[in-house]
Amino acid sequence: MPFQNLTVQRLIIHEVHRRLDDRQVVNPTYGQQLLTLTQDAKDDFRDRVISAVGSQSQSIKMTIKPVVAGCAVEIAHELIAVTDAEFIIQSRLFADRLTESQLRRDLPGGILVVFQGMAGNPQRRYVGVVKAEKHSGFRQAAAMTVQYFKDLFLTPQAKLYKIGIFVYTGPQPAGALPNGWEATVYDSQMTTSNREGAAQYFYEGFLGCALPVNSARLTKRFFDETRDFIRGLPVPEERKTDLLSGLYTYLKVDQAPTVQVSAFSNQYLGHELADSYSHFMADREFPNNAVPKDLTDVQSQLRRRRMTFSRSVQLTAPPDAFDDLVRVREIDGEPDQPGGPRPTWTQITIRDRIREQE
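Residue numbering for the sequence shown follows my numbering, starting at 4 and increasing by one per position.
In short, the hints are calculated from the structure, not lab data. Incorrect hints may appear among the rest.
Here are the computed distance ranges between Cβ atoms for each label pair [stated by the list, open to error]: (1) Arg234 with Arg108: 31 to 39 Å; (2) Val149 with Ala324: 24 to 32 Å; (3) Thr41 with Thr319: 47 to 55 Å; (4) Glu337 with Ser303: 44 to 52 Å; (5) Gln7 with Val149: 49 to 57 Å; (6) Gln270 with His20: 48 to 56 Å; (7) Asp257 with Arg358: 28 to 36 Å.
Straight-line Cα separation of at most 30 Å, DSSO-like style, residue types lysine-lysine; simulated pairs [what the hints assert, rightly or not]: (8) Lys243 with Lys296; (9) Lys45 with Lys64; (10) Lys243 with Lys255.
Since we're looking at a predicted model, the values are computed, not measured. C-beta atoms are modelled at their ideal positions from N, C-alpha and C, and glycine is treated no differently.
Turn these sequences into a full structure, and let the hints steer you where they fit.
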């Protein structure tokens, strides 16, 4: 859903609070009126939202979960057609829901902006929510006022932390929820290589959404789960190195259009590991069938192999160079004191001379 034509027609702010030490809920502080912003302030807020939800690395179109009473998409559905007076009251349901979703005491409170307008071409109605924390330069003006909003969002220190936007793209009259609705979520903690970095309490508990099950995400999961399996094997490190090289080759070099547990197992693991790998992936609920290969979410991880040792010593290389030039072997080291146990050391052979040092 493109947001370039997004307009903000009305907006209100509420405040949600961190739970008490005994995890008791602190009721939200509700805004009492819509904020009347200057056009410049409204444009600044609009531009910040568009910049955030337009980020390919930190925003994602989500799947809306089946509707339950009081869920976020139901609240959004009601808000798009109400009067301003009703919007003020009914937008509080978002603050209530966010408060209920923040189950842990370590989850911070913050300001919740509820806004509504039109977006896209042709124009579609939407309802958006933003959760932001008070930044270090925040000046505590009178709560829930225009100045309060400007200090929080429209200063250089301001940062939009989490955004959810529900856009109605369906027919009129609307059908059964969530039909016709699309959800986009932005989270500053999310990256292309780590979609799971998004706060689950926000996108799932609060917004009632789920990460989409698509080819890119499944390919990323295949990489992560298989790597975890290899790392946990009770085999020598040089064997793990070979298996990890096989994983990189399978995804990056192999021209097959799909990834599949059995195919990787047969090609790289051998009979002795096949059953345990199959059970491991089944326990992680990874599909047993072939999945279309899409490297979008795992590209950055496939660019380089990395080995990490103590005291910040690292060896990094492109996967193909790693396979061709690097040999890794465990050896018995020298004991720290006479008669003491021999530590395990790593012998690394690089089949090349030193080209440059820093």
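- [ ] State, for the Cβ atoms of Asp257 and Arg358, whether the hinted interval 28 to 36 Å holds or is violated.
- [x] 30 Å, holds
Open item on the list: Next pair to validate is Lys243 with Lys296; report whether the Cα-Cα distance is within 30 Å.
Closed with: Holds. Lys243 to Lys296 sits at ~24 Å (cutoff 30 Å).
Task: Outcome for the supplied range 48 to 56 Å, where the beta carbon pair is Gln270 and His20 - done: Between Gln270 and His20, where Cβ atoms are some 54 Å apart, the hint holds.
Task: Outcome for the supplied range 31 to 39 Å, where the beta carbon pair is Arg234 and Arg108 - done: Hint holds: Cβ distance 33 Å, inside 31 to 39 Å.
Task: Hint consistency between Lys45 and Lys64 [alpha-carbon to alpha-carbon, up to 30 Å] - done: At roughly 25 Å apart (the allowed maximum being 30 Å), Lys64 and Lys45 satisfy the hint.
TODO: Return holds or violated for the Cβ distance of Thr41 and Thr319 against the range 47 to 55 Å.
DONE: Because 50 Å falls inside the window, the suggested range holds.
- [ ] Starting from the hint 24 to 32 Å, judge whether the C-beta atoms of Val149 and Ala324 obey it.
- [x] At roughly 57 Å between Cβ atoms, Ala324 and Val149 fall outside 24 to 32 Å, so the hint is violated.
Task: Whether the CB-CB distance between Gln7 and Val149 falls inside 49 to 57 Å - done: 26 Å, violated
TODO: For Glu337 and Ser303, compare the CB-CB distance with the range 44 to 52 Å and indicate the outcome.
DONE: 38 Å, violated
Open item on the list: Please verify whether Lys243 and Lys255 have alpha carbons no more than 30 Å apart.
Closed with: 18 Å, holds
Comparing the model with each numbered hint stated earlier shows that hints 2, 4, 5 do not hold.
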